[in-house]
Every structure is written in structure tokens, then in C-alpha cells.
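S.K.: Residue numbers (UniProt numbering), protein chains in the order written: chain A, 1 to 300; chain B, 1 to 325; chain C, 1 to 609; chain D, 1 to 335.
Derived from the structure by calculation, the hints contain no laboratory data. From the three backbone atoms N, C-alpha and C, an ideal C-beta is built for every residue, glycine too. Among the hints, erroneous ones may be present.
Unchecked claim - A short list of chain D residues far from chain B (calculated; beta carbon distances all over 10 Å):
#, residue
1, Lys9
2, Ile69
3, Gln74
4, Ala83
5, Leu189
6, Tyr202
7, Tyr215
8, Val217
9, Leu220
10, Thr228
11, Thr231
12, Ile240
13, Asp311
Unchecked claim - Footprint (simulated), chain D over chain B, 3 or more residues, beta carbon under 8 Å:
#, region
14, 81-88
15, 101-109
16, 117-131
Chain by chain, the residues:
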Amino acid sequence: MATLTEEPAAAAGVTAERARSHWSRAWARFRANRLAFVSLIFCALLIVTALAAPWIAPYHFSETDPDARLAPLLTDGHLLGTDLLGRDIFSRLVYGLRTALFVAFGAELASLVVAILIGLSAGYIGGRVDQGLMGITDVMYAFPSYIFAIVLVTVMGRSIWAVMLAIGISSWVTQARLVRAQVLTVKEREYVEAARSMGASGVTISLRYILPNAIGPLLVTTSFAIPAAIGAEAGLALLGLGVQPPTPSWGSMISEGTSYILAAPHLLFLPATLFALTLLAFTWVGDGIRDAFDTSGEDR
Amino acid sequence: MSASSLEVEGLRTEFVLRDRVLRVVDDVSFTVKPGRALAIVGESGSGKSVTMRSVMRLLPKTGRVAGGRARLGGTDLLGLSERQMRKVRGRDIGMVFQNAMEALNPTLTLERQLTEHLLWHGVCDRAEAKRRAIQTLGDVGIPEPEQRIRTYPFQLSGGMRQRAMIATAMVTQPSVLIADEPTTAVDVTVQRQLLDLLAQLKARGTGVIMITHDLGVARYFCDDAIVMYAGRVVERGPIRQLLERPAHPYTAGLFSSTLEVGARHRPLQPVPGAPPDLAHRPPGCAFHPRCGQAEQRCGQEEQPLLPWSEDGQREVACWKAVQHV
Amino acid sequence: MSTRSRPAGRSTGRRRSTAAAVAVALALSGCSLFGDDGGNASGTGGDAGSGGADGSDAELAAEQVLRLSSSNLPIIDPQVVTFGMWMSAKGIFEGLVVQNEDGTDVLPGMAESWEVSDDGLTYTFHIREDAAWSNGDPLTAEDFERTYQRLFTPEAGETGGSTSGANSYQSATNIKGATDFLEGATDDWSEVGVRAVDERVLEIEVASPTPGFLLAMTHPSMLPLHMDTVEEHPQDWQEAEHIVSNGPFMIDQWVTNSSMELVPNPHYWDTDNVHLDRIEIALLEGGTTGAATVPYENDEVDIVGLANADIIRMESDPELADHVQIAPSVSYVYLATLRSENPLLEDVNIRKALSLALDREYIAEVTPDAQPGRSLVLGIVPGYDESIEVNEDVEEAQGLLAEAGYPDGEGFPEINLLAGSSNVDVEAIVDSWRRNLGIDAKADTVETGVLVERRWAVQDEDYVGFYYGSFAGTPDWPTMVGSLWSPRDIQEFSLPADVWAEYQEVQADGELSISERNAELAEMLDEHASDASHELADLVDQAMNSADEAEQQELFTQAAQLREEQHLIIPVLWKDRYFAVRPTVQGLNLRPSSDAYYFKGISIAADEQ
Amino acid sequence: MSFMTYLGKRVVRMVLSLIAVSAITFTLLQMAPGNFADIQRISAGAAQFGGAGTEDMVHAFASRYGDDIPAWRQYLIFMKGAATWDFGPSYKYPTQDVQDIIAQGFPISATIALIAVALSLMIAIPIGVYAAVRQNSAADHGTMFLITLGTALPNYLTGVILVLFFTLTLGVLPSSGWDGPQHMIMPVLALVLGPTAVLARYVRSSMLETLREEYVVAALAKGGPRATVITRHALGNSLIPIVTVLGPLLAALMTGTVFVEALFRIPGLGLYFAQAAASRDMPLLMGTALFFALILMTMNLIVDLVYGYLDPRIRAAGGVNRWRRSQKNPQQQPA
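Generate the whole structure from the sequences, applying the supplied hints.
M.R.: Here's what the structure looks like:
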């Protein structure tokens with residue numbers, strides 16, 4: 001009688017369209033989580049804003065206004081003021097958002113692909129391959145990712161791709177381990193045995209049977225990795241390893257802003273607040289996703 | 001400890017979900033007398049466990065008892081304060097869980113788990129508690145109880161673990177023991193030993209409620225039975241009579257499937273189809289969509305429990321069954 | 001506050017007020033630091049520091065402790081180019097001569113007097129009798145000779161770090177034979193013009209008459225080291241437990257990355273003018289925080305260097321604005337032409353157009369510690385003549401561009417600015433090109449390692465532009481014209497890209513002997529460098545060898561003007577140095593030098609009421 | 001597998017990983033453009049003096065490597081020293097051996113890290129438990145909302161705000177430096193927020209999981225007072241997984257936090273580490289990277305050992321990995 005899982009929840013769960021209802025129920029649970037839902041709307045807004053940056057931002061991010069340098073908030077024509085060069089803060093925030101999201105999603109996509117490949121091979125093939133691949137992840141885990149970032153950025157130049165790769169490389173390890181663990185549990189299930197007995201190839205089994213079952217947990221970790229990647233982008237920018245100026249990045253805006261904390265505080269607090277809000281929103285969406293998939297939780 | 005009966009009357013339990021209220025237990029009544037054993041039979045999701053947790057008042061936060069009484073020796077448990085109720089749990093009513101592996105705390109020794117409630121309830125002091133714990137472990141057939149008491153649950157075999165679980169419930173010598181599928185997780189030989197153990201307990205005057213979907217077990221051990229479907233009792237009566245002549249089509253289906261060889265360890269799927277989603281309870285008899293004999297009337301009329309045998313020992317909630325008496 | 005207008009003539013006005021502040025401070029501190037310069041104290045009521053000028057501050061504080069913050073010092077070896085060398089020069093070591101209070105001339109240091117031979121080639125320094133090391137050892141002429149031998153020895157790395165950065169400086173001192181010795185053309189030390197005649201007399205020969213030689217001797221790399229200690233502890237000699245120094249102060253404690261404490265050197269010859277009992281230096285990694293002025297505002301330090309945002313902050317605060325003191329510029333920001341496969345920038349007119357189109361006023365406005373720099377010679381150099389300046393003229397620039405075939409910037413490739421750090425001025429530079437010429441311009445900010453590899457390389461075809469950098473030096477003509485972008489540098493810059501590539505190959509060719517290499521390089525320059533650059537070299541040569549001061553001045557000015565007209569190196573900004581100085585700090589002389597001031601002579605007044 | 005065999009295997013694996021880390025770091029550094037001397041000249045000396053003509057002079061800098069030795073030999077020379085914990089002098093700090101730099105900086109970084117993590121735990125555990133016990137209540141959502149804010153504020157920002165408040169506004173704490181307990185307060189506070197948030201979230205979810213365990217229900221069914229059941233049955237078990245988070249967390253903080261150490265002028269390891277790669281200071285970079293990896297792996301080893309100690313199941317199974325493997329078939333435990 002492990003709590004109520006077999007009771008009303010399970011009673012409804014055992015239907016023919018089990019899989020579909022699994023997702024739709026997750027979605028229902030997610031929607032009912034007010035914080036997560038509001039966060040999701042906020043994140044969607046952010047994504048739309050990032051995509052539509054050229055139409056939303058009143059100025060180009062590098063366009064200067066020599067007559068309105070260090071303009072305070074609510075200046076005419078510069079709602080959120082300007083920086084030292086007279087560049088519109090609002091526009092730079094919007095483009096900075098674009099940088100942050102592009103890097104974060106790109107990095108996570110890259111790391112996801114690597115993680116799935118490695119985790120799947122390690123978990124499915126097992127044996128030496130498993131040991132070898134897990135040895136690599138062990139080393140990567142202990143490796144200061146910062147050095148990778150530096151080398152990538154120096155070799156590739158300070159491009160957005162380098163930053164993306166640098167972040168992706170440091171975040172695939174945990175994901176790969178997760179995929180492997182999932183594979184190991186799913187591999188033992190009967191339907192996989194059955195498929196194998198019917199002569200399905202390893203690749204088919206991996207892709208058709210094992211992977212879909214590993215996706216739930218992976219989705220959850222990815223949803224948490226997104227805000228982490230946004231934070232990492234800011235961190236690299238702080239170390240001078242971020243995207244190339246004048247392309248705005250919240251990290252570099254924050255680090256620039258810290259030197260104006262006394263002279264022009266809005267240069268710091270605007271990007272910092274937006275950064276924090278974005279991070280929070282993505283984290284809460286992640287929380288929501290986790291809770292939605294967490295069927296062991298009590299049904300509310 | 002005085003031997004007292006547990007009398008449950010018209011128990012209703014609801015779960016308050018976000019957008020609706022589910023009635024999970026609806027008008028359930030039964031009585032367990034000292035030295036008697038009651039089987040509660042039904043598929044997963046039929047409300048057996050919730051019934052027992054309602055009595056123990058251990059419902060999750062979203063659950064609430066909406067009506068009824070549960071009297072133990074004259075006291076209505078449902079009316080007690082949480083503080084008073086705590087004294088009942090573990091002392092007057094003991095509980096045996098299906099899987100001892102999960103119900104025993106993996107990081108605490110058996111001693112701790114066998115004695116802590118003796119201390120909580122102030123039954124005796126620590127030394128005496130330990131003595132009793134060792135005694136009880138011995139009673140349930142665990143060899144070298146003095147040594148074993150220092151071990152952790154995972155260091156025992158499955159059967160031993162289940163014995164230890166029973167010992168935990170027994171150590172306070174409760175008047176009523178609720179056993180939730182106590183033998184499902186163990187193999188057949190162990191099952192038999194465990195049942196004998198419970199039988200000894202029963203012989204000493206303890207009333208036992210056994211939740212099970214294993215009719216073999218129920219028949220071997222229990223005196224009476226109630227069959228639950230979708231939160232309601234659909235049939236009640238002495239276990240042997242029930243087995244010999246099931247009155248409700250659901251009961252009949254349940255029995256025919258479980259009597260097959262090797263069916264024991266499979267979840268019950270006696271009849272094609274799944275139990276109803278309680279949020280969308282079918283009108284009339286909740287079983288009618290799955291019932292091979294259903295007629296139009298079944299989908300229209302609620303089915304109350306009606307006497308089925310002359311001595312009044314048997315009741316069934318099916319108008320067709322009653323008709324055929 | 002949006003825009004602060006900056007009058008064009010601000011630089012001179014600012015200079016005056018600083019000098020006045022210094023003078024007032026001097027006059028009121030009551031101690032004559034440089035007695036012979038008392039005439040300078042004609043203070044007509046400066047603004048800065050007047051808060052403490054109520055007569056009561058002649059009273060010294062009971063505790064003479066100066067608290068500073070500095071960028072982090074991995075080492076203080078004066079012969080290795082790091083920030084540490086300037087800390088050494090502030091007062092841990094003392095050279096033969098020291099700078100006067102406005103950095104224009106020298107005063108006796110370890111040498112109590114000196115003579116120059118009539119041909120201007122030999123300097124004879126007489127080391128004072130009471131010159132001593134902090135461990136009590138007498139300081140001798142031989143100490144200097146040994147130290148300079150280390151400086152000019154390329155592999156002096158054994159002694160804890162490379163001297164390679166600082167020894168390049170010797171070109172400004174022009175000491176005979178030093179370059180050959182350094183480059184390995186000779187390993188006979190006796191060919192180098194440094195000689196300890198006896199314990200007290202040091203003779204230095206220069207290759208040719210060298211104006212500004214004495215001032216050049218105040219550079220940290222010319223400070224003496226206690227070579228016995230250096231040799232005994234090649235790795236650790238700078239650490240507090242080993243170091244032996246000869247300046248007014250010595251290191252008492254030094255926690256790397258954290259703090260350094262200096263105390264007076266009891267064996268120093270002029271202890272009467274050493275007033276501080278202790279100097280506490282907080283070591284800070286630069287550029288990490290926006291709260292840089294907090295330690296100052298919280299009364300944890302007495303003097304703090306101000307960066308851009310701090311200047312804005314300080315100057316906008318009515319109370320703190322009085323604390324701001326400015327040392328005139330010792331450095332300029334420049335753009336050096338990058339060699340590219342695309343010969344676009346080999347056209348002087350295009351370079352000129354780009355230089356004329358720079359909106360230096362705007363660039364200086366976004367850089368609070370800078371003023372427009374229209375010449376590679378700093379404005380504070382004595383005898384500076386505005387005629388050498390590059391004057392912005394957008395119309396002319398557009399005209400030049402059109403003449404070259406790019407009317408309104410059409411068809412003009414993107415101009416890149418290779419930079420190592422993302423300063424706002426870099427953005428402002430490209431911004432002014434975009435606005436004034438309608439061309440594409442981009443700041444290419446790269447990691448430092450990339451920068452050092454790329455700045456002298458020949459760029460890809462589509463990459464044309466400039467390398468952004470800055471130089472600091474002694475503000476005198478020989479340095480400004482002869483050494484910071486020397487005629488040789490200009491010759492090299494004027495080489496076409498393919499010749500430059502070949503030139504670098506020769507430079508790096510380890511097979512050649514040094515003389516072979518030099519000969520080959522000279523030949524390439526002769527053949528391929530521009531006529532103007534050869535003319536420039538001649539002018540500087542003449543100027544260096546001229547005995548007549550007026551003529552020399554004239555020649556230097558001509559050379560400077562000729563150099564500007566090449567537009568190979570484009571001046572952008574002159575950088576001043578801003579400090580917040582607590583009013584209780586007395587006797588501080590901010591000089592246009594990279595060490596900014598000496599510790600000697602500073603005292604702390606009792607608190608203002 | 002006996003404990004010693006287990007430990008031995010782990011140590012061998014650590015050594016292999018360290019060699020791999022060193023080789024990768026070295027290779028990456030070789031690939032990176034620029035070299036120490038050039039970078040040093042341009043960043044520290046800026047362009048104070050010199051110019052194009054001096055490029056050929058910069059290659060002679062002090063090291064035990066020289067610049068005509070092939071890279072692989074430099075690596076071997078370094079590793080030979082590293083084997084005896086002698087990384088040689090740093091390029092940038094030529095007066096100090098890298099191991100001495102580490103020996104000076106590490107205790108400082110570690111002190112701050114330990115205090116910060118201890119404080120985090122003291123805050124995070126009660127908060128996490130409270131939120132879990134009140135799952136989905138307003139109190140749960142409220143505390144989690146606030147605590148999540150902690151992860152969204154980068155520690156340098158927190159640090160700057162702390163400085164502004166405690167130093168500039170209140171004037172009660174020194175802005176920076178490392179000289180006594182008053183200098184620890186702000187750095188620790190700046191560091192505490194992030195880990196607290198992370199830990200509290202972990203405690204909450206771990207606690208939630210434990211609260212759903214049947215043995216918790218069983219304990220309640222035995223008549224256990226709620227508080228007792230939560231503290232004795234649930235909390236203990238839910239804290240065990242927290243140990244696994246603590247390892248990497250401590251390792252990351254102990255090896256220095258660049259921004260906080262820079263902001264508060266703390267002579268910890270962080271700055272050295274951050275500068276080493278940027279300045280191509282090979283011995284310092286290799287030394288700090290190896291040390292970082294060593295600390296991380298040691299922390300993980302300690303975590304596994306502590307985990308084993310805390311969880312009798314693992315203790316008995318003889319190591320985490322073996323236990324995890326056996327978890328696939330929990331029914332087949334030996335009697």
C-alpha cells in the first residue's frame with residue numbers, strides 16, 4: 001500500500017492509452033502548479049523576445065547616442081537609460097537575452113546529444129565500452145571546465161559558438177551518467193527482453209525502447225541545466241571569455257555594471273535583476289516539470 | 001490488554017483533489033471480533049488499503065474521513081484527538097505491511113524498531129522492552145534472537161524480515177492486527193509459516209484484519225470476508241460460503257481467476273477491463289460495464305447491500321443475485 | 001548627469017590646479033622636502049586639499065601610517081616589467097638619481113653629485129659616503145655595476161625572472177655596448193660602458209650624447225640590487241625574509257595576493273625626510289570589482305587610484321570631489337596599423353582619413369581619465385608644440401576616402417580593431433568611424449594570448465585594421481620620439497606586408513649570427529622602408545647628436561611631425577592618472593611618471609576637526 | 001571485497017584520472033595561442049616600454065624547462081616533479097614554488113569553504129525539512145521561492161551588495177583583507193547563499209522521498225509522535241544522499257572562488273587558478289588543475305566512505321558501487 005499510488009491515481013492510469021495519458025497527465029499536473037505555469041509563460045515570453053529582438057529593441061545593441069550618455073531610467077527615448085557610450089540599455093538587455101538563451105539552449109542541445117550517445121553506448125553495450133566511457137566521464141568530471149573554456153575561446157575566437165561549446169562540454173557528464181543509469185534499469189525490463197528475443201537490433205532497441213523511457217528524467221535535468229548554462233555564460237563573460245563585445249551579454253553587462261554600482265546603479269541592477277528573474281523562471285519550470293513527472297508524489 | 005472488537009460502520013473516505021472530490025471509500029461497515037479474522041478482498045484500487053488507513057487515521061493530507069464510525073472497545077477512533085489516536089496506534093492496533101523490506105527502516109537496527117513504540121507508549125522501560133523484543137522475535141521463529149536483534153533489516157532473508165515485521169506489530173500485544181497483504185512478497189513455504197504464526201496470534205484472542213487478493217490465503221486463515229469494488233462492499237459473508245457459492249458476479253470472476261494455478265503472484269485481473277476511474281464512476285452498479293450478465297437496470301440503479309442468506313450472514317449488492325436466491 | 005562637457009583647454013587648466021595643490025600641501029606640511037625647489041610654492045589657493053588647510057594640520061598625526069591599495073604584485077624585481085617595479089621605485093630602492101617633484105629633472109639620490117664630460121659621452125657619479133643597504137652593508141659603485149650586468153644579461157632569468165622586458169628600456173639610456181651585450185653579440189662585459197672606478201665612483205659611457213639620460217636613469221630598471229643576496233637566494237631574494245634594499249623604506253611583511261608592509265630603512269642616508277613609520281599596502285587584483293573605492297570611502301586606505309567609473313562616482317560626489325588629484329598623463333592610447341594581405345592600409349591617405357575621422361573628443365568623453373590625444377608626443381613634454389598635432393577633419397577624411405575610390409565609404413572593407421580588452425574607448429573608436437565615414441568597423445576583442453600572437457602577424461586578406469594599445473614613458477623628447485615608436489619601428493611599419501613577413505622570418509632565424517641577422521634586417525629596411533621613415537631616422541639621429549638645445553628641440557619637433565604625417569601609428573587618447581587622496585596626506589608629489597610618486601617626504605597630518 | 005582492496009582500487013583509479021587530467025590540461029595549454037612571456041609583457045608591463053623591436057628578446061624566461069625543449073619533455077619533467085609534490089616555480093610568481101602557493105592559499109580557501117558549507121547546512125536542513133513536511137502549502141512554496149532566489153544571485157553580486165551595506169552604509173566591517181574573523185564574515189555570507197539554496201532544495205526533495213517511504217508510515221502506525229518519526233526515521237535517511245552533493249560542492253568552494261576572493265582580497269587559491277590559464281603559466285596551471293582534480297576526487301572518495309558509514313546497507317555490502325549494483329535485485333540479499 002505504498003501510499004496511494006495504487007489507489008485513485010493508478011486506477012485511472014491503467015488505460016489503453018497509457019503513454020499518451022502519461023504525458024497529458026504530466027501536463028495537467030504542470031499546469032496546476034501555478035508558480036511553474038507562470039514561469040513557463042514568462043520563459044515563453046523571454047524566448048519570443050529573444051527571437052524577435054530586432055523588432056522589439058528600439059535600437060541596435062551597438063548604436064550609440066553621444067548626447068545621452070549614462071542617461072538614467074525613464075529618459076525620453078531610452079526607457080531604461082543608457083550606458084557610458086550612450087547605448088540603449090533596454091535594447092542591450094533584449095539582445096543580451098538573445099545571447100543568453102541562444103548559448104544556453106545551444107549548449108544544452110549539444111551536451112544532450114553527446115550525453116545520449118555516450119550514456120546509451122555505455123549502458124547498452126556495457127563491459128569494456130562501459131568502463132572506458134565511464135572512465136572518460138570520471139576524468140571529465142574532475143577536470144576544471146574553465147580551462148576548456150579558455151582554450152576553446154582562444155582557438156575558436158570569442159564567438160558565440162565557442163562559448164556554447166565550452167558550456168556544453170562541461171555539462172554533458174552528469175547527463176551521460178543519468179542516461180546510462182536509465183538504460184541500465186530499462187534494459188532489464190521485460191519488453192526489452194521481448195524485443196531482443198524477436199531479433200531487434202541493438203540500435204533499434206536503444207532508440208525505440210530504451211531512449212523514450214529515459215527521456216522523462218533527461219527532460220528534468222535538462223530543464224535545470226538551462227538556467228545553469230545561462231549562469232555559466234554570465235560567468236565566462238565575467239572572466240572575459242564570453243561573447244565578443246559589443247554583442248551584449250548579461251554577464252558582461254553585470255560585470256561592467258558593478259563598476260558603476262555607485263555612479264549609475266541601474267547599469268548593474270537592471271541586468272542583474274533580469275538575469276535573476278530568468279534564472280528563477282527556468283528553474284521553476286524545471287521544478288514544475290520534475291514534479292509533473294514525479295508520479296510517486298501524492299496526487300493533489 | 002482487553003480483547004475488544006473493532007466495529008466499523010458506514011465509513012466514508014474522500015480525497016480532495018484540485019478540482020473535485022473523490023469518494024474512495026463509500027459506506028463500508030464490518031466488525032472484527034477478538035480471535036476472529038476478517039479478509040478484505042478486492043482488486044488494486046478497490047479501496048481496501050484506504051479503508052484500513054482511515055481506521056488508523058493515517059490518510060495522506062488530501063484524504064479525509066467524511067463519515068462513519070470505527071469503534072474499538074467502545075471508543076470511536078474517528079472522534080479521538082490526534083494525541084489520543086497515537087496511543088491507539090501500535091498499542092491497541094498493530095499493523096503488518098506487505099513488504100517488510102520497505103516498511104522496516106533500513107538504517108535502524110531491529111532492536112530500535114521493535115522497542116521504540118514500547119517506549120513511546122510508556123509500556124515499559126528500555127531493558128524490559130529489549131527483553132520483550134527478543135522474546136517476540138523468538139516467538140515469530142527467528143533463531144538466535146539475542147544476536148539478530150542487533151542486525152539491520154537488510155541482513156535478514158525475506159522470510160525472516162517479514163517475521164520481524166510481524167514481531168514489530170506483535171510486541172505490544174494489540175487487540176487488533178491489521179495485515180496488509182502480509183504474505184504477498186514471500187514464497188510459498190514461508191507464507192505458510194507466517195500464516196501459522198498469525199493463526200497463533202488469533203488463537204490468543206487477537207482480532208485480525210487481512211487485506212489480500214489471495215483467496216487461498218484468505219480461506220486458509222480467515223473466518224469472514226468482505227469483497228470490495230470501487231470503494232464499496234459488494235459482498236460479505238463467511239469465507240467458506242463465499243468461496244463455495246459466490247453471489248456477486250465480481251466475486252465469482254475474482255475467485256475463478258485466482259484459483260488457477262500460478263495466478264497468485266499476478267495482480268488481479270479477474271474480469272476483462274479495468275476498475276473504474278472514481279472520478280467517473282459509472283451510474284448504477286459500478287461493476288456493470290465489466291459484468292457479463294449486466295442488464296439495462298444495472299446501469300440505472302444503485303445497488304445496496306441486501307441479505308442473501310437466510311441466517312443473514314451473507315449480503316450482496318446485486319439485484320440479480322438477490323433475485324436468484 | 002548625462003554628458004559632461006570638456007573644454008578643449010582643460011588639460012592645461014587641470015595641470016595648473018594639481019601643481020597648485022601640491023604646492024599648497026608642501027607649503028603647509030612645513031617640511032621642506034626639496035629645499036632648493038621652495039620657489040615653486042607660490043600657491044595661489046588651489047582647490048584640492050584645501051579642506052585640510054586650516055593651519056592645524058601642521059600638527060602631525062601621532063601614528064605616521066600610510067595605507068595604500070595597489071594592484072597585485074607577483075614580484076617587485078625592478079628589472080622585470082611588472083607593476084612591482086614601480087613599487088620598488090616608489091621607495092624600496094633608490095637609484096643614482098631621483099626625479100624632482102614635477103618629474104622634469106633629477107635630484108641627487110645614491111649619487112650625491114655627478115659630472116658629464118664635455119663630449120657628453122661620459123657620466124661620472126659620486127656615490128655618497130653614507131650610502132648603505134638596509135642590512136648595514138655600505139653601498140658601492142660596484143653594486144651598481146653588478147646590478148647593471150644582471151640587467152643586460154639575457155639569461156639573468158636564473159635570478160628569479162626575466163629581465164627581458166626591462167632591458168629593452170636600455171635603448172633609451174643609450175649606454176655604450178649594452179645592446180650588443182644584451183643581444184649576445186658580445187659577452188665581454190668590459191665592452192659595456194659601465195665601470196666602477198672605485199668604491200665611490202661609477203662611470204657610465206653612452207654611445208652618443210643622450211639628452212634626458214639622467215632622467216632615464218630614474219627608471220626602476222636602473223635601481224641597484226644587493227647582488228650578494230640575489231645570487232644567494234636566486235628565487236627568494238625579493239621576499240620579506242631575504243630582501244636587502246637601499247631605499248627609504250624596506251619590506252617588513254609581504255603576503256602574496258594580499259598585503260605588503262613597509263617600514264623605514266634605518267640605514268637610509270636621508271632619514272630626516274622619511275616621516276612615515278609604516279606603509280600598509282593592500283594588494284588587489286585589478287579590475288575585478290566595482291567597489292574599488294569602498295576601502296577608500298571606508299577610511300581603510302589613504303590613496304587610491306581611480307578607474308573610469310570611480311572617477312565619475314568621485315567627481316559627482318560633492319565631498320569626495322575635493323579628494324581627487326590628477327597626475328598628468330604619462331601614457332597614450334594608440335592604434336598601430338596591422339599588416340594585412342589586403343594592401344588597403346598601405347595607402348597613407350586612407351590611414352590619414354581614418355585618423356582624421358576619429359572623434360577624439362567623444363572618445364575622451366567616454367573615458368573619464370583621458371583627454372583627446374592628437375600626437376604621439378604627450379602634451380606635457382617641455383617645448384611641446386601644437387603644430388605637430390593631428391586635427392580631426394571629417395570633411396577632409398571623407399574627401400580622402402572618396403579620392404581613394406570609396407565615396408561615402410562605399411565598397412570599403414570592414415575595419416577591425418584588434419584589442420585585448422573590451423574598453424569603452426575601443427567601442428567609441430569604431431563608433432566614430434561608422435558615424436563619420438559610413439564604413440563598417442568592428443572591435444575584435446581577443447584573449448590576451450591571441451592578441452600577442454596576432455598583433456605583429458600579417459592578417460588575412462579580409463582583415464584590415466589596427467591594433468589597439470597604449471604606451472607609457474618618460475615625458476621627454478628622446479623617449480617620446482626616439483624610443484616610444486622609434487624611427488626603427490616606423491621603418492618596420494612602413495614595410496609592405498610581404499616584406500614584413502620575410503623580415504620577421506629573418507628576425508626569428510636562429511641559424512644566423514647576430515651580426516648577420518642585423519645586417520640582413522638593416523638591408524631590408526634600407527630597401528623597402530618608406531622614404532619618410534628614413535628621413536625620420538635621420539632627423540632623430542641629428543637631434544640626438546645635437547649639442548644646441550634650440551636646434552635639438554626644433555629637430556625633434558620636425559621628426560614628431562613627420563611621424564604623425566605617416567599615420568602608421570594613430571594617436572587616440574592621452575591618459576591622465578586619477579587618485580583619491582585623503583586630505584591628511586601631506587607632501588605627496590604626483591609626477592607624470594609610472595611610479596606616480598615617492599613615499600619619501602610623505603607625512604600624515606593629525607585629523608581635521 | 002575488503003575495505004583495503006576497495007580503497008586501493010579507488011586510489012589507483014584516482015592516480016590514472018590525475019594523469020589523464022594532467023595530460024589533457026597540458027595538451028590544451030600547448031594548443032592555446034600565446035605564451036607566458038608575451039602575455040606577461042603585454043598585460044603587466046602593458047606597453048610601458050619596448051615595442052616591435054624587442055619581440056625576439058622575450059623568449060628567454062626563467063624556468064626549469066627552457067624554451068628549446070620539446071613539449072613532451074616539458075610534460076615529463078613536470079610530471080616527474082609532480083610525482084613528488086614538486087611542481088616547481090610558477091612563471092608569474094617566480095619566487096614561489098607552485099606547491100607552496102597551494103600550501104598557502106588552500107587553507108584559506110578551505111576555511112571559508114568549510115564555514116560557508118557548515119552554515120549552509122545549518123540553514124538548509126531546517127528549511128528543507130520544514131518545506132517538505134508542509135509540502136505544497138503556502139509555507140512550502142514561500143520558503144522555496146525565497147531560497148531559490150539564492151541560486152539566482154551570483155556570489156560576486158551578493159558580495160558587492162554586502163560590501164556596500166556593511167562597509168559603506170553601516171561601516172561595521174572592513175571592506176577587504178584577510179586578518180581575523182571580521183574579514184571572514186562578508187565572504188562567507190556571499191558564499192553561503194548559493195549552496196544554501198542548492199542544499200535546501202536537495203534536503204526538501206530527499207525528505208519528500210523519504211516521507212513517502214513505507215517505513216515512515218509504519219513508524220506512524222506504531223504510534224510514533226510525528227516529530228519523532230520525522231527526525232529519527234525520515235531525517236536521518238534523507239540526509240544520507242545530501243552527503244553526495246556536499247562532496248563536489250566543498251571541492252568547488254575549497255579550491256577557491258575567484259570572484260569572492262578577488263572582491264574581498266583574500267589570498268586564497270581562486271585567483272591563482274583563474275590567472276594561471278589566462279597567463280599561460282604552465283606550472284601554476286598544471287599544479288592547480290591537478291590539485292583541483294585531486295581535491296574533487298578525494299572529496300568524492302570521502303563522500304563514498306561517509307556514505308558507506310552512514311548507510312549500514314552499503315557498509316555491509318562493502319562499498320557503494322557494489323551496493324548500487326546489487327540494488328537491481330533487492331530481493332536477493334544474502335541472509
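S.K.: Indicate, hint by hint, whether the structure satisfies it.
M.R.: These are the hints, each one checked on the structure:
1. Lys9: holds (24 Å)
2. Ile69: Non-interface label stands for Ile69(D): nearest chain B Cβ at 57 Å, farther than 10 Å.
3. Gln74: The claim stands: Gln74(D) keeps its Cβ more than 10 Å from every Cβ of chain B (closest is about 51 Å).
4. Ala83: holds (41 Å)
5. Leu189: holds (34 Å)
6. Tyr202: Tyr202(D) clear of chain B: closest Cβ-Cβ about 18 Å, beyond 10 Å.
7. Tyr215: At roughly 4 Å from the nearest Cβ of chain B, Tyr215(D) sits no farther out than 10 Å, so the non-interface label is violated.
8. Val217: Answer for Val217(D): violated, closest chain B Cβ roughly 6 Å.
9. Leu220: Leu220(D) not clear of chain B: closest Cβ-Cβ about 6 Å, inside 10 Å.
10. Thr228: violated (7 Å)
11. Thr231: holds (12 Å)
12. Ile240: violated (8 Å)
13. Asp311: violated (6 Å)
14. 81-88: holds (count 3)
15. 101-109: holds (count 8)
16. 117-131: holds (count 3)
Against the hints set out earlier in the document, violations occur for numbers 7, 8, 9, 10, 12, 13.
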